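Engineer: Next come the chains, spelled out residue by residue.
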Amino acid sequence: MLEARALAGGYRKADVIADIDLRLDAGESVALLGPNGAGKSTVLAALTATLPRRSGAILFNGRDVSAEPGHKLVAAGLALVPEGRQIFAPFTVRDNLRLGAIALPRAHRVADRFDYVFTLFPRLAERASQRAGTMSGGEQQMLAIGRALMSAPRLLLLDEPFLGLAPMIVEEILATLARLRADGLTTLIVEQKLEIALACATRAYVMVNGRVIRHAPCAELAAGGDLQDIYFSAN
Amino acid sequence: MEDFLELLVSATASGCVYGLLALAYLVIIRPTSIINFAVGEWAASGAFVGVAVLSTLVWPALEWPWWSALLIVAAFGALVGYGTELLCVRPLVARGAPELSAILVLLGVLVIFREGNTLLFGASPLPSPAPFGFRRMLIGPFPGVSQQFLIIGATFGVFLSAWLFFERTVWGRAFEAVALNRKAAALMGIDLRMVGALAFAAGGAIAAVAGLLVSPLTSAHFLMGLPLATQGFTALVIGGIGRVEGALLGGLILAFVEQFGARWLPVPSGMTLAFPFVLLIGFLLFRPTGLLRAPETRV
Amino acid sequence: MSRSRSTRLSLAAFAIALTMPAFAQDTIKIGVITDHVGGSKFYAEPVTRGIEYGARKINESGGVLGRKLELIIEDDQNKPDVSAAKARKLVDDGVVIFLSTTGSPSTQQAQTVSLETKTPQLAPANGADQMTTALDNPYFFQTGPLASVQLATLMAYTRKKGFKEVAIVRDNTALSQGFADSFRGGLEKAGIKVALEEVIPQGSTSAVANLQKVRGAKVDAIFQAGISGPEMLQFFRAYAQLGMKEPIYGSYNLSIPAYLTMAKDLMEGVIFADAFDPDRPDVKTFLTDFAKENSGGPAGSLEAYGWDGIHLVAEALRRAGAPDREKLRAALQGIDKFDTIVGAKGTFWSFAGGKRAGFHPQGAVIRVVENNQHGRVLQAGQ
Chain A
19 MLEARALAGG
29 YRKADVIADI
39 DLRLDAGESV
49 ALLGPNGAGK
59 STVLAALTAT
69 LPRRSGAILF
79 NGRDVSAEPG
89 HKLVAAGLAL
99 VPEGRQIFAP
109 FTVRDNLRLG
119 AIALPRAHRV
129 ADRFDYVFTL
139 FPRLAERASQ
149 RAGTMSGGEQ
159 QMLAIGRALM
169 SAPRLLLLDE
179 PFLGLAPMIV
189 EEILATLARL
199 RADGLTTLIV
209 EQKLEIALAC
219 ATRAYVMVNG
229 RVIRHAPCAE
239 LAAGGDLQDI
249 YFSAN
Chain B
348 MEDFLELLVS
358 ATASGCVYGL
368 LALAYLVIIR
378 PTSIINFAVG
388 EWAASGAFVG
398 VAVLSTLVWP
408 ALEWPWWSAL
418 LIVAAFGALV
428 GYGTELLCVR
438 PLVARGAPEL
448 SAILVLLGVL
458 VIFREGNTLL
468 FGASPLPSPA
478 PFGFRRMLIG
488 PFPGVSQQFL
498 IIGATFGVFL
508 SAWLFFERTV
518 WGRAFEAVAL
528 NRKAAALMGI
538 DLRMVGALAF
548 AAGGAIAAVA
558 GLLVSPLTSA
568 HFLMGLPLAT
578 QGFTALVIGG
588 IGRVEGALLG
598 GLILAFVEQF
608 GARWLPVPSG
618 MTLAFPFVLL
628 IGFLLFRPTG
638 LLRAPETRV
Chain C
10 MSRSRSTRLS
20 LAAFAIALTM
30 PAFAQDTIKI
40 GVITDHVGGS
50 KFYAEPVTRG
60 IEYGARKINE
70 SGGVLGRKLE
80 LIIEDDQNKP
90 DVSAAKARKL
100 VDDGVVIFLS
110 TTGSPSTQQA
120 QTVSLETKTP
130 QLAPANGADQ
140 MTTALDNPYF
150 FQTGPLASVQ
160 LATLMAYTRK
170 KGFKEVAIVR
180 DNTALSQGFA
190 DSFRGGLEKA
200 GIKVALEEVI
210 PQGSTSAVAN
220 LQKVRGAKVD
230 AIFQAGISGP
240 EMLQFFRAYA
250 QLGMKEPIYG
260 SYNLSIPAYL
270 TMAKDLMEGV
280 IFADAFDPDR
290 PDVKTFLTDF
300 AKENSGGPAG
310 SLEAYGWDGI
320 HLVAEALRRA
330 GAPDREKLRA
340 ALQGIDKFDT
350 IVGAKGTFWS
360 FAGGKRAGFH
370 PQGAVIRVVE
380 NNQHGRVLQA
390 GQ
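Protein chains in written order, with my numbering: chain A, 19 to 253; chain B, 348 to 646; chain C, 10 to 391.
Derived by calculation from the structure, the hints in this document are not laboratory data.
These numbers were taken from a predicted model, which means no experiment stands behind them.
C-beta atoms are modelled at their ideal positions from N, C-alpha and C, and glycine is treated no differently.
Be aware that a few hints might be false.
[Claimed, not checked] Quick list of simulated restraints, FRET-style, between CB atoms:
{"no.": "1", "chain 1": "B", "residue 1": "Pro-438", "chain 2": "A", "residue 2": "Lys-31", "range": "17 to 25 Å"}
{"no.": "2", "chain 1": "B", "residue 1": "Glu-514", "chain 2": "A", "residue 2": "Arg-197", "range": "29 to 37 Å"}
{"no.": "3", "chain 1": "B", "residue 1": "Trp-414", "chain 2": "A", "residue 2": "Glu-101", "range": "33 to 41 Å"}
{"no.": "4", "chain 1": "B", "residue 1": "Phe-633", "chain 2": "A", "residue 2": "Pro-70", "range": "18 to 26 Å"}
{"no.": "5", "chain 1": "B", "residue 1": "Glu-514", "chain 2": "C", "residue 2": "Thr-182", "range": "39 to 47 Å"}
{"no.": "6", "chain 1": "C", "residue 1": "Lys-170", "chain 2": "B", "residue 2": "Gly-487", "range": "39 to 47 Å"}
{"no.": "7", "chain 1": "A", "residue 1": "Ala-143", "chain 2": "B", "residue 2": "Trp-518", "range": "40 to 48 Å"}
{"no.": "8", "chain 1": "C", "residue 1": "Ala-183", "chain 2": "B", "residue 2": "Lys-530", "range": "47 to 55 Å"}
{"no.": "9", "chain 1": "A", "residue 1": "Asp-201", "chain 2": "B", "residue 2": "Ile-628", "range": "56 to 64 Å"}
[Claimed, not checked] List of simulated lysine-lysine pairs, DSSO-like, C-alpha gap at most 30 Å:
{"no.": "10", "chain 1": "C", "residue 1": "Lys-222", "chain 2": "C", "residue 2": "Lys-77"}
{"no.": "11", "chain 1": "A", "residue 1": "Lys-90", "chain 2": "B", "residue 2": "Lys-530"}
{"no.": "12", "chain 1": "B", "residue 1": "Lys-530", "chain 2": "A", "residue 2": "Lys-31"}
[Stated by the list, open to error] Reference listing, derived: stretches of chain B covered by chain C, where coverage requires no fewer than 3 residues with Cβ under 8 Å from a Cβ of chain C:
{"no.": "13", "segment": "406-418"}
{"no.": "14", "segment": "519-531"}
{"no.": "15", "segment": "565-576"}
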C-alpha cells in the first residue's frame, strides 16, 4: 500500500533523514523504532508532505504521490496522529472530530464516521460537548486518534501515541488498535519501546541517526536482546 | 444631554468604521499571522469604486442603485485581496520566508494602491452618494443622520455574519483551527493555501465595504487610506486579535475616546489628534494582547 | 532621366516641401509648468487651459511682433525638485519666459532656475505673499490674488457686521493654521473676540464633537480656515446635522470649484473671499466666448488668470520689441496699468514702484455661494 524509496530530506540545508526505504502492504501493522533524535518523526513528516525539503519517491496505492500536497494525501486516505496529540484545545470533542472529517471523500457520510469513532471510543461519546483542553492525557490521545479516523483513512500513521500515558490507558488504546487492524486498517507506528511495538506491530524498521539500520519481524528483534545494543551497535 | 446622545450616535458610527478595518486586519492575521497594512488603501479603492458605480463623476459613470455598488465593491475587494495573496504573499510562504517579509511586501502594496488611486481617480476629493441621504433621524432617543445609522446597521450585519461563520460553520472552525495550530490543521487535510487566499479575499472585501460606507461622510479621496489603516490597527490592538467581537469593541472604544474626549476633555482642540496614538502606545506597552482574550491555545 | 531617378527626385522634393513650414517663421517660445497628477492639479489645469485659450486667440489675431506664440508645457507633478528640473528644460528649449501654475513650493523651487538663468518667470494665479520676498529675484513676477489682500478684504467686510464673538474652525495642516492665525490677527484688530478655535484633524470621520462645542459657545459667526477637502466636508456635514445657523465666512480657499462638487447643497450662503466678479460685462463676454470655443466645461476664475497671464506676457513682449529675456523683464517691470478679466471692477495689475506682485490692493471681492454656485459679489475691494 505504501512504499518509500530512497527517501531523504530535512528542515534546512542539511538532511535529517537519508536513504530511507520503507514498505507496507495492506492490512499490515509496522513499527518504526529508534532512540530520540533518530529521525522517526521526520520520516512521518516526509510521508505526509509536511517536511520542507524532501527527495526520493513515495508511492501510495501504486500511485506516485511524491509531488502531492499534504491536504490531498489526507483525501487519498493517509492520516497522521501527530506527536503530542495536537488537538484543538478550545474546541469541543465534537468540533475536533468534525474538523477531522473535512477531507472525508464524498462517498462517506460524516454521521457514519461519528458513529464509528464514538463506538470505538465510548469515552469520547460521553464527553462530546466538553472542551478538549479539559480532558485527561489519555482521553486527548483517544481524541487525536478518533480525529484522524474521521477522514476514513486506509493508512494511519501514529507518532509515539503511548508517550506519557498510564498503563491502563495504554492497554485500552492497544486494544482499539487491534480492532482497527481487524477492520482492515494499515498502521505505521513510531515507538521507542520494543515491548509496545511487539504488542501492536508484526515487523519493525530500526532507525538510528537518520538511517534505517535494521529491518526485521518484531519477534526476531525481541529475541536478539536489548534494543539499546542494536542502537549502539550502529555507531 | 442632547449633545451626549448625538455624540453617541456619531462615535458609534465612526467606531463601526474602525471596527470594520480592524476586522479586515483580524481575518487575515488569525490564520496567517501576517499584518496587512494595505487594508487602508483597499478601503480607499473601495470608496472610489463606489463613486464610479454610484455617480457620473468617474468612469464607468454608471449611477446604479446602492445595493449593486455594495456587491460590486465587496467583490472588487475580494478580488484585490485574493490577487494580492496570490502574487505577493504566496511566493514568500512557499519559500518559507518569515511573516515579516510578507508584512514589508504588503507595505509596498499599500504604496502601489495609493499611487494607483491617485492616477486613476485624481487628486480632488469626490463626493460619494449616501443611499438614504443625510436626513436627520431619531431612532428611539438617539438623534443622528441616516448614513450614520446605515453604517451602524451594516457593520453589525458584517460582524454577525463573521461571528456566525467562525463559530457555527465547519469552514469557519477550520479557519480558527489554522489560527490555533497550523500544522495540526494541515494534518486534517485543510488546504492552508486556500485558507490564506480566502482570508485575504475576506479582508479585502471587508476593507472595501468599509471604504464605501465611510466615504459619504468624508468624501472619497486619495489620502484617506493611511488614517483608516492607523485607526483600524489601533482598534485591533485595543480589542485583541483573539475574537471577532474584539475588533468592534476596539473600534468603539477608540471612537468614543476620540469624540467624547474632544467634546469634554479640557484639552486644546488640536491635541485630540493624539488620542488614538496615546491609546495605541498605552495598549502596546501595558496590554498588548488587547482587551478580549483569545480562546486558550494551550494544548 | 531614368524612371527611378525621377522618382527619387520627386520624393526628395516632396520631403522638402513637407519640412517647409518648420523653416517658415520663428515662433516665440513660452514655457508653462502645469500639474496633471499631483495635489495642485485642480487649479493648475484650469489655469493652463486659460493660458492655452489665450495663446490661441493671440495667434489667431496675428501673434506678437509678427510671430506666433508657441507654448511648451511641462508637468512637474507639484513636486519642487521636478519643477526646477522642468524649468531648466524649458530654459534650454529656448523659452523667453515660463509661467508657473502649480503649488507654491514648486513655484519657489523653479524660481531658483529663473534667477540663475536670468529667465523671466510669471506665477499668474498663485497668491502666497512670500513668493516675491523670500527670494530677491528680479526676474520673477506674481499676479495671483495675494492672501494678505484677500484676508484684509474679508476683514473689512466682517467689520461691517457688528460681530462680537466668533469661532474659528481649521484642520491641522500648516497652511490652515496660517489662515487661522491671519484670521485671528485681523479679527482681534477689529475688536472681535475669538471665543474658540476648533481643529478637525486629518483622517477624522466626524466633526460633530467640534461643532457641538461651537454651537454651545453661541458665537455670531464661524470662520472656516480649513484647506483640506475631506475635513471641510465633515465640517459642513456636522454643521447641517446640528441644525446650526451661524453665518460661515471662508478663506479664498472656498473659491475653488472642486469644493462645490464635494460639498454639494451644503455650502448655501457661505461668504468667501475671491478675486473674480462674474457680473462684470467684460467677464460675462469672456465666459460666453470661452464656452463657445472650448470643450471641457465652462471657465471660472482660474481660467481667467491664465488668460490674463498670457495676455500680460504678450503686452510686455510688444513693449520689449523683441523676444529677448532682459528686455522682457524690463518691460514687465515697467507695466503700471494692465486691465484684466480677474479682480474687482475697475482694478488692474501693476508693477509700479519696483514691486513684482502685481495684484491690486482693491482687487479682491467678497462673494456668497448661491444655488451651489459661486454667486454674486457683495463687496468689491476693502
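Engineer: Would you say the C-beta atoms of Lys-170(C) and Gly-487(B) sit inside 39 to 47 Å of each other?
Structural biologist: Distance hint for Lys-170(C), Gly-487(B) holds at roughly 41 Å.
Engineer: Could one say that the CB atoms of Ala-143(A) and Trp-518(B) fall in the range 40 to 48 Å?
Structural biologist: 25 Å, violated
Engineer: Is Lys-530(B) close enough to Lys-31(A), meaning Cα to Cα at most 30 Å?
Structural biologist: Holds, at roughly 21 Å.
Engineer: Against the range 18 to 26 Å, how does the distance between the Cβ atoms of Phe-633(B) and Pro-70(A) compare: consistent or not?
Structural biologist: 38 Å, violated
Engineer: For the pair Asp-201(A) and Ile-628(B), does the Cβ-Cβ distance stay inside 56 to 64 Å?
Structural biologist: Since the Cβ atoms of Asp-201(A) and Ile-628(B) sit about 60 Å apart, the hinted range of 56 to 64 Å holds.
Engineer: Quick check: does the Cβ-Cβ distance between Ala-183(C) and Lys-530(B) fall within 47 to 55 Å?
Structural biologist: 52 Å, holds
Engineer: Does Lys-530(B) lie within 30 Å of Lys-90(A) when you go C-alpha to C-alpha?
Structural biologist: It holds: about 15 Å lies between the C-alpha atoms, which stays within 30 Å.
Engineer: Check, residue by residue, whether the segment 519-531 of chain B contains three or more positions whose beta-carbon lies closer than 8 Å to a beta-carbon of chain C, and give the verdict.
Structural biologist: Not satisfied, violated; 0 residues make the cut.
Engineer: Lying within 33 to 41 Å: is that true of the beta-carbon distance Trp-414(B) to Glu-101(A)?
Structural biologist: The hinted range 33 to 41 Å is violated for Trp-414(B) and Glu-101(A), with Cβ atoms some 52 Å apart.
Engineer: Lying within 29 to 37 Å: is that true of the beta-carbon distance Glu-514(B) to Arg-197(A)?
Structural biologist: 35 Å, holds
Engineer: Hint check: Lys-222(C) vs Lys-77(C), CA-CA at most 30 Å. Holds or violated?
Structural biologist: Not OK: Lys-222(C) and Lys-77(C) at ~59 Å, beyond 30 Å, violated.
Engineer: Note whether the CB distance of Glu-514(B) and Thr-182(C) lies within 39 to 47 Å or breaks it.
Structural biologist: Because 45 Å falls inside the window, the suggested range holds.
In this structure, the hints that do not hold are numbers 3, 4, 7, 10, 13 and 14, in rising order.
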